[in-house]
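Residues per chain are reported as follows:
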Amino acid sequence: MRILGIESSCDETALALVVGKGDQLKVENSTVLSQIQTHQQYGGVVPEVAAREHLAAIFPMLEREIPFDGKGIDAVAVTSGPGLAPALRIGVEVAKTLAWSWGVPLVGVCHLEGHIYASWLPRAKRLFLFLPQKTPIFPALSLIVSGGHTELVLMHDHGRFERIGETMDDAAGEAFDKVAKMLGLPYPGGPHIARLAVGGDTKAFDFPRGLLDRDNFEFSFSGLKTSVLYTLRKNEDKLENVEFRQNIAASFQEAAVDVLTQKSMKAIEKYKPKSFILAGGVAANIELRKRIKKEGTRRATKVFVPPFTYSVDNAAMIAVAGYFRAQNDKNFVEPEDLAADSNMDIV
Amino acid sequence: MKHVSKSELQTKEIAAKFARKLAGGEFIELVGDLGAGKTVFVRGMVEALGSTARVKSPTFTIMNEYPVQGEHVTKIAHLDLYRFDDESQLSALELEDYINDKTVICVEWPDIFGKSPFEPTHRVTIEHVDVDTREIIVNEL
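As they're listed, the protein sequences go chains L and D.
With the first letter of the first sequence counted as 1, position 132 gets the number 132 in our numbering; the numbers rise by one all the way through.
With the first letter of the second sequence counted as 1, position 45 gets the number 1045 in our numbering; the numbers rise by one all the way through.
No lab work stands behind these hints, which were simulated from the structure alone.
Please note that a few of the clues may not be correct.
Stated by the list, open to error - Restraint-style ranges between C-beta atoms, simulated for each label pair:
#: 1; chain 1: D; residue 1: 1100; chain 2: L; residue 2: 300; range: 38 to 46 Å
#: 2; chain 1: L; residue 1: 215; chain 2: D; residue 2: 1006; range: 18 to 26 Å
#: 3; chain 1: D; residue 1: 1111; chain 2: L; residue 2: 191; range: 54 to 62 Å
#: 4; chain 1: D; residue 1: 1127; chain 2: L; residue 2: 309; range: 40 to 48 Å
#: 5; chain 1: L; residue 1: 308; chain 2: D; residue 2: 1033; range: 31 to 39 Å
#: 6; chain 1: D; residue 1: 1115; chain 2: L; residue 2: 201; range: 39 to 47 Å
#: 7; chain 1: D; residue 1: 1101; chain 2: L; residue 2: 234; range: 45 to 53 Å
#: 8; chain 1: D; residue 1: 1071; chain 2: L; residue 2: 123; range: 51 to 59 Å
#: 9; chain 1: D; residue 1: 1101; chain 2: L; residue 2: 308; range: 32 to 40 Å
#: 10; chain 1: L; residue 1: 216; chain 2: D; residue 2: 1013; range: 20 to 28 Å
#: 11; chain 1: L; residue 1: 1; chain 2: D; residue 2: 1100; range: 19 to 27 Å
#: 12; chain 1: L; residue 1: 229; chain 2: D; residue 2: 1002; range: 43 to 51 Å
#: 13; chain 1: D; residue 1: 1102; chain 2: L; residue 2: 191; range: 38 to 46 Å
#: 14; chain 1: D; residue 1: 1006; chain 2: L; residue 2: 22; range: 56 to 64 Å
Glycine included, C-beta positions come from ideal geometry on N, C-alpha and C.
All chains should be modelled from the sequences, with the hints used to inform the complete structure.
What follows is the structure in structure tokens.
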């Protein structure tokens, strides 16, 4: 089956063509156009601006990357939520139109499900090409961390998800962003904090680890963010001091990574999954990758971290999620029935 | 009107009471420091109007929309201007498209540019008293 994936939930317009046969997948094309430069001036993603940019980008992209008559395409998968409502609508309407005019089935995909399925995508660099690609085994536990999400999702089988915890306030990526702004660093803040943290003392400040003592899988990053703010206010004279800034970044990152890792490990101990999947844009954070891999492997769980290109928003992951959904006819929707749902839940 | 909240739950209850009295079309400014509980207040409002949507801080996404099932209100638009640094950026939000009788707009950090450029109907101020205690002042303007 050759499936077209479309993604427009936030600030990346993306298309992908993925061919699947059984468990073997091949990405024929994956194109992502980031709007990050447009949104940088606002310090965040403005929904209406994102929608306009998607609209301007998506047709030229389709024309360039996809056969006009849809020849050889067996199905269309699109992110129908969660995300920014005006942005989502562009991708969804385009997908509906294509599925209807080509006369092929349409599948709505949850964006978070897509992030998890990124770990099924074949890797560009493989040591032994003759060996089949290793994919996660069920039950699989996934930590999804991005600018908009922080959740732990248990995947029992293809298409069977159970959310076991999420953030009560800010997403982890958002905390990175806010602290970056406090330190006068540009948006998006994650990579800047990570860079500044190198060489800093992770123990210089004892920032709070939200909800770590609680026996559940909920996260909170609001207290951490507030604590960084108060520390900065108390030390206004040091704001330009390089060592002080490095220490703040390092101690903050340590606290965030600590919470994410420890909650994940607690969940591994409780649910005993066969695989653990780190997903979402914050998965690009090197400290987090290192800690999760080390601690997860120690608990005899195989840890999957998608390569960076598939950690951030892309359409190949949406196509793969759609491919597995498409194995069951019940998941097909009539084009006129599909609507974007900005608050969609993973199920 | 002045309230004292001793917990997130109480903040949500105060917000719920406030939300049930809304007639639709309100423009609410939420003022308070980082971590004061502005997002918690909006969560209380959304929940009180019969929505199960999971309200999260819109700092990264600037604006979130929540469909609700209130008698007079069917949508809450939740904005956070924390990352904006110039008033001219506001036009990008196309806020005019959101203003109608059935939508309530909630804006965090309305005075990030020094002074609020809006003509709000309500202003909710949340002050840190100590770690858990907040003073919540609801002003109808």
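For the range 45 to 53 Å, tell me whether the beta carbons of residue 1101 (chain D) and residue 234 (chain L) fit it or not.
holds, 47 Å
Check the following: the C-beta atoms of residue 1006 (chain D) and residue 22 (chain L) are separated by a distance inside 56 to 64 Å.
holds, 58 Å
May I ask you to test the hint 43 to 51 Å on the CB atoms belonging to residue 229 (chain L) and residue 1002 (chain D)?
violated, 25 Å
Please check whether residue 1100 (chain D) and residue 300 (chain L) have a Cβ separation lying inside 38 to 46 Å.
About 56 Å separates the Cβ atoms of residue 1100 (chain D) and residue 300 (chain L), which means 38 to 46 Å is violated.
Does the Cβ pair residue 1102 (chain D), residue 191 (chain L) satisfy 38 to 46 Å?
For residue 1102 (chain D) and residue 191 (chain L) the Cβ distance comes to about 41 Å; the hint holds.
Kindly confirm whether 32 to 40 Å is satisfied by the beta carbon distance between residue 1101 (chain D) and residue 308 (chain L).
Cβ of residue 1101 (chain D) to Cβ of residue 308 (chain L): about 46 Å, so the range 32 to 40 Å is violated.
Evaluate the given range 39 to 47 Å for the C-beta pair formed by residue 1115 (chain D) and residue 201 (chain L).
Given a distance of about 40 Å, which is inside 39 to 47 Å, the answer is holds.
Using the Cβ atoms, figure out if residue 308 (chain L) sits within 31 to 39 Å of residue 1033 (chain D).
holds, 35 Å
A range of 20 to 28 Å was offered for this pair. Does it hold for the Cβ distance of residue 216 (chain L) and residue 1013 (chain D)?
holds, 22 Å
Given the hint of 54 to 62 Å, check if residue 1111 (chain D) and residue 191 (chain L) actually sit that far apart at their C-beta atoms.
30 Å Cβ-Cβ, so the 54 to 62 Å window is violated.
Quick check: does the Cβ-Cβ distance between residue 1 (chain L) and residue 1100 (chain D) fall within 19 to 27 Å?
violated, 44 Å
If I claimed the Cβ atoms of residue 1071 (chain D) and residue 123 (chain L) lie 51 to 59 Å apart, would that claim hold in this structure?
Hint holds: Cβ distance 54 Å, inside 51 to 59 Å.
In summary, the structure is inconsistent with hints 1, 3, 9, 11, 12 from the numbered list given earlier, while agreeing with the others.
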